[in-house]
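So you can see what is in the structure, the chains are spelled out below.
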Amino acid sequence: MKRIFVDYKKCLACKACETACAVEHHPARSLPAALGDRKTQVNVRVLGIEHESFPLSCRHCDPADCLNACPSGAISRDAESGAILLDAAMCKACAMCAMVCPFDAISFKVTHRSCYNRDVAYKCDLCNERIKAGGKPACVEACHSGALVYADYEADRPGRASRSLRTYLLGAEGLPPRFELFRELRRKEFARRQGGA
Amino acid sequence: MKVVTVGTGMAAAEFVQRLRRDGFGGEVVMCSDEEFAPYSPCVIPFYLAGEPLDTVYWKGKDFYGRYGVQARLSDPVVEVDAERRLVRTAAGRSESYDRLFYAAGARSWYPRPEWLETRGVFGFKTLSDMVAIDRYIREHDVRRAVVFGGGFIGVDAALALWHRGLDITLVHRNTRVLSQMTDEEGGQFATRKLAQKTGIRFRLKTTVGEIAASDGQLKAVQFSDGSTVETSLLIVSIGVSPNSEPLRGDDKGVPGDPQMLAESGIYTAGDVAVTRHAITGATGIYATYPNAMQQARTAARHLLHGDGAFGGSINTNVLKKHIDFPIVSAGSFSGEAVTWQQGDIWRRVYLQDGMINGYIIIGDTRISGYIYQLYLSRKRVDRTIREILSSPRHDSYYRGMLGLAMPLAA
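Heads up: the protein sequence lines correspond to chains A and B, in order. Reading the first sequence from the start, the letters are residues 177 to 373 in this note's numbering. Reading the second sequence from the start, the letters are residues 45 to 454 in this note's numbering.
Output of the computed footprint for chain A on chain B, the stretches with three or more beta carbons under 8 Å from beta carbons of chain A:
#	region
1	87-96
2	328-341
3	365-379
4	403-414
5	428-440
Negatives, chain A to chain B, calculated, CB over 10 Å:
#	residue
6	Lys178
7	Ala192
8	Arg205
9	Thr216
10	Arg253
11	Glu256
12	Gly310
13	Gly322
14	Asp328
15	Leu346
16	Arg359
17	Glu360
18	Leu361
19	Ala367
20	Gly371
Hint data in this document are derived by calculation from the structure and do not stem from the laboratory. Where a beta carbon is used, it is the ideal one built from N, C-alpha and C, also for glycine.
Kindly produce the complete structure, drawing on both the sequences and the hints.
Pasting the structure below:
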């Protein structure tokens, strides 16, 4: 089974992942329709933390605390892809899932999937239909810098817990020089704005 | 082997589903005093708020057929004869078993049971309650309701009926609603905000003293301070008691061992089961869905494979119903309090020996999962917790992972 891995040092915070996700999950499948639509659902969020950035989304844990906490039968796991899926028609937005999610990856709002004119929980669905048809998640496909990677996940890696973000981090192999340069510039710019050295 | 469940609630449904999933081919009988397929008590107030009845059947309306269950419905089990291995029902039927799963749940507790004989007075616990309240509201064109009791179920009831458009007065003995889930200050904050956001009138330090009826029909409710409110609907939700009498002879719950065995051949789980808290070790009834589910899985595994143990219950809970204003809490509210508040958000963590002893997070679910994991993992957080609570972008978990120091709290 595959998962989305993050090489955050390569993330340029361009938000192409957010845009692609919004379009992919919008009923009109178009950027102009998704823009300015309050019901537009974006399942990945680029977190800016000082000079670093991080595309944050559901990690589809196994076992998944949200799945074990959902009392309304709204959360399930796709047996084939392993994706944790959320059925908005069953969701009561009771927040039991969000209360236990280690990654803060579940949010609430009125989306196009809301059935009863109220907020529902929403989160990354791993683009389940796309990946089952042999494709990649929309965010991964949109990522120009290689910060998001869709790759095989060995669930039984010893000493690695699925609930730790470290499991999903890449980047041990070092960065190409142009990324190092970009990061150095960004670090300096951040320091300058902070009024530091 | 023949398995019988007393109860068709969430624990029993999870238990049976697990047995079948793991290949159990024996006879399964499920007994209930109600007439329905297994439903989610967490979801049923949404039916009253106007959402479809079918969504309460969290494992599907066709549960009994799909899992090969003989359902014995609308007939409560009144006695468990452990010696002869059979259960007896109120209608006089008996059912033998090889293994019993005792998950009879809990029922509303009424200070004056005779009030229920008056039309317009209801409990708020079962799907039968919801269906009856819904029919009553429609038939009598009810516009106003009084909810007596401001615990989780009472607030849930008030919000569901408020969402339906009724004018609500909630009467509660304590100084704040949700007094078990909150401490004094947090509870008062939550009560104030809920009142502002909904217009529900909260009458605190007050109880319902008497009801007034004419021809068996509720007309008004009198409060302990002597004032009265005209209403044709009173919800009584001041407490619950476990349905443990048929097995134990009293209503103090059913103690389960680490395999969720109450006695030889009899498992227990859910809102009737007495278990140990995973962190504090204190025994009690921890009536939330995640506990019931883990207990049921432990029992199913032990029945089939003879191994496994329950890791303990956690008293974590969240109330976020019909309104986007969550109230999250877990643990014990004692120790050193660290508090942060801004606008509608109020967060407090209680520290003991540098670890989280309990917490309350109101107005926002962000960071609640991170705090929950820190609570469970027993990590020392005394040096970082102030920054975690106040971090303006709620990003402390990711900061930690990226190796970035926390900014100093303002």
